[in-house]
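*Asks:* Residue numbers (the working numbering), protein chains in the order written: chain Y, 1 to 282; chain Z, 1 to 282.
It cannot be assumed that every hint is accurate.
Since copy identity is lost for identical chains, a pair holds within one copy or between any two.
[As the list claims (entries may be wrong)] The list that follows gives simulated cross-link-like pairs (lysine to any residue, SDA-like), each with its CA atoms no further than 20 Å apart: (1) Lys76 x Gly259; (2) Lys76 x Glu273; (3) Lys76 x Ala38; (4) Lys76 x Thr15; (5) Lys188 x Leu240; (6) Lys31 x Asp62; (7) Lys76 x Gln257.
Everything labelled a hint here was simulated from the structure, so no lab data went into it.
The primary structure of each chain is shown beneath.
There are 2 protein chains.
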Amino acid sequence: MTVETLATHRLHGGTLRYCRHASTSTGTPMKFTVWTPARDSQGGEGPFPYLVWLSGLTCTEDNFTVKSGAYEYAAKHGMAIVAPDTSPRGEGVADDPAYDLGQGAGFYVDATQAPWAPHFRMYSYVTKDLLEAVDGAFPLDPARRGIFGHSMGGHGALTIALRNPGLFNSVSAISPIVSPLNCPWGDKAMTAYLGAERAAWRAHDACALIEDGAGESFDEILIDQGLADSFLESQLKPELIEAAAAKAGRKVTVRRQEGYDHSYFFISTFIGEHVSWHAERL
Amino acid sequence: MTVETLATHRLHGGTLRYCRHASTSTGTPMKFTVWTPARDSQGGEGPFPYLVWLSGLTCTEDNFTVKSGAYEYAAKHGMAIVAPDTSPRGEGVADDPAYDLGQGAGFYVDATQAPWAPHFRMYSYVTKDLLEAVDGAFPLDPARRGIFGHSMGGHGALTIALRNPGLFNSVSAISPIVSPLNCPWGDKAMTAYLGAERAAWRAHDACALIEDGAGESFDEILIDQGLADSFLESQLKPELIEAAAAKAGRKVTVRRQEGYDHSYFFISTFIGEHVSWHAERL
Chain Y
1 MTVETLATHR LHGGTLRYCR HASTSTGTPM KFTVWTPARD SQGGEGPFPY
51 LVWLSGLTCT EDNFTVKSGA YEYAAKHGMA IVAPDTSPRG EGVADDPAYD
101 LGQGAGFYVD ATQAPWAPHF RMYSYVTKDL LEAVDGAFPL DPARRGIFGH
151 SMGGHGALTI ALRNPGLFNS VSAISPIVSP LNCPWGDKAM TAYLGAERAA
201 WRAHDACALI EDGAGESFDE ILIDQGLADS FLESQLKPEL IEAAAAKAGR
251 KVTVRRQEGY DHSYFFISTF IGEHVSWHAE RL
Chain Z
1 MTVETLATHR LHGGTLRYCR HASTSTGTPM KFTVWTPARD SQGGEGPFPY
51 LVWLSGLTCT EDNFTVKSGA YEYAAKHGMA IVAPDTSPRG EGVADDPAYD
101 LGQGAGFYVD ATQAPWAPHF RMYSYVTKDL LEAVDGAFPL DPARRGIFGH
151 SMGGHGALTI ALRNPGLFNS VSAISPIVSP LNCPWGDKAM TAYLGAERAA
201 WRAHDACALI EDGAGESFDE ILIDQGLADS FLESQLKPEL IEAAAAKAGR
251 KVTVRRQEGY DHSYFFISTF IGEHVSWHAE RL
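Chain Y on its own, in the form it takes in the complex (with noise of 0.2 Å):
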């Protein structure tokens, strides 16, 4: 698959793009950023360990890349980051008014009802298409590869991880959607991609797949959580998966943290404790 190049810009000595390619799995342009250091930890000019870092509702690929502040702890530990859009978009693609439904919120499943199924297919385009698009474009090591996102990309990073333990070596969330089963945005998601049977949607819930032993390998979960989020108490709800975790014998580290919301402005404190505990497991 051939990857376009938009834009470049260097950053914290590194070099950022902003790329589009042609995904089958959704049959339209996709586009990411990734961005890739000038040297590893040794010294070396790669291929990079990496990560790829997946959005929540609304978001394209640009906002984690502008307001995160990923990049300056990218640099300190020689990790490249890829951040791709949260959903299929463009003439043709179905959508609906709402900003938790259709673009920009795709919801990391592969679409299986009308309108969306043509399209809908974030679940394999970010398994499949990305991934290689990505390894064969630029310098990065497939066999150093994590994964973490926010909110509606917590839960992607959770639950791609959990069922793919061979693609990626770590896997953290902030402010994951732990559970699509019980919260209203996983309902009403769940429903309109997979529809109203929910035995399909256990596939795609980070509670329900620990629960049935998916990713043993993973040493450990790491989740920050604001304590302060609008959202904790009636969509995000990190107990749930503390429960499956305890049920299960299996490590998920909840981090509280006191006072902090749901915005950017959260991710951006955290962001450099979750890029070093990444690097200690790539």
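Given chain Y, put chain Z in place with the hints provided.
*Replies:* Positioned in the frame of chain Y, the structure of chain Z alone reads:
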């Protein structure tokens, strides 16, 4: 002057506020952000030394706040940061369709020409209304105050500091317009705001101010300039301030950074060094 808090976020252990207040200088409501740390470098709870950041063309108070990554470094040094909007805005305020004149392009002068004179008084706003408002409403130490900015805001920081060394103890700039007398942006804006008589522009030209002996109390002025900046040769011309400084026997350090452009990716790469540089002086 009453300061209204529109939104509050915890960020890097401190408190970020989006604020609005009535400015007598501009005759409009004006917005700014203020971030205060939890503790200063000695563990005290304030008043904190602080930096005023002036943004460039097209920006509001939001761009720096979400993109710069400065607060991590401010937290490290126990310093606060205040970032105002770049012009008056709203109904009854003159504007121009071009990005480099009118709203979003105040150039930190007090306009004398129609239609700008009634509201475009950003020089008075920054040096009087803004400082009075933030000093009165937050635990800030007016005796330990620095100023910095980017592009048009670098011009603002340099000219405001040079003319008011009693108000500011330190000044630095990233990719600044150093001489409105000698670039198309300056020519257009100063003609519109101050009129065709170029002698009146000298009070808002960092090079002319240095030539005229303003701000001799600053031990050094730090400037970072990207060498891949598309405005470098046409608009920014840092060699002009080096020449003015050499002639006047003043220390202006221009660091030319290979490969960096005019964007916030450049700002965010070097903002930490600027915050530390100010911290040494405040």
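*Asks:* Work down the list of hints and note, for each, if the structure agrees.
*Replies:* Each hint, compared with the structure:
Only between protomers do Lys76 and Gly259 lie at most 20 Å apart by alpha-carbon distance; the minimum there is 19 Å, versus 28 Å within a single protomer. Taking the closest pair of Cα atoms, Lys76 and Glu273 come within 20 Å of each other both inside a single copy (12 Å) and across two copies (15 Å). Taking the closest pair of Cα atoms, Lys76 and Ala38 come within 20 Å of each other only inside a single copy of the chain (11 Å); across copies the shortest separation is 26 Å, beyond that limit. In the homo-oligomer, the alpha carbons of Lys76 and Thr15 lie at most 20 Å apart inside one protomer (14 Å), although the nearest pairing across protomers, at 27 Å, exceeds that limit.
Taking CA atoms no more than 20 Å apart as the test, Lys188 paired with Leu240 passes inside one copy only; the shortest distance there is 19 Å, against 60 Å between copies. Taking the shortest alpha-carbon separations for Lys31 and Asp62, only the intra-copy value of 9 Å comes in at or below 20 Å, while the best inter-copy value is 25 Å. In this assembly of identical chains, Lys76 and Gln257 lie within 20 Å of each other by CA distance solely across copies; the values are 19 Å between and 24 Å within a copy.
The structure meets every hint from the earlier list without exception.
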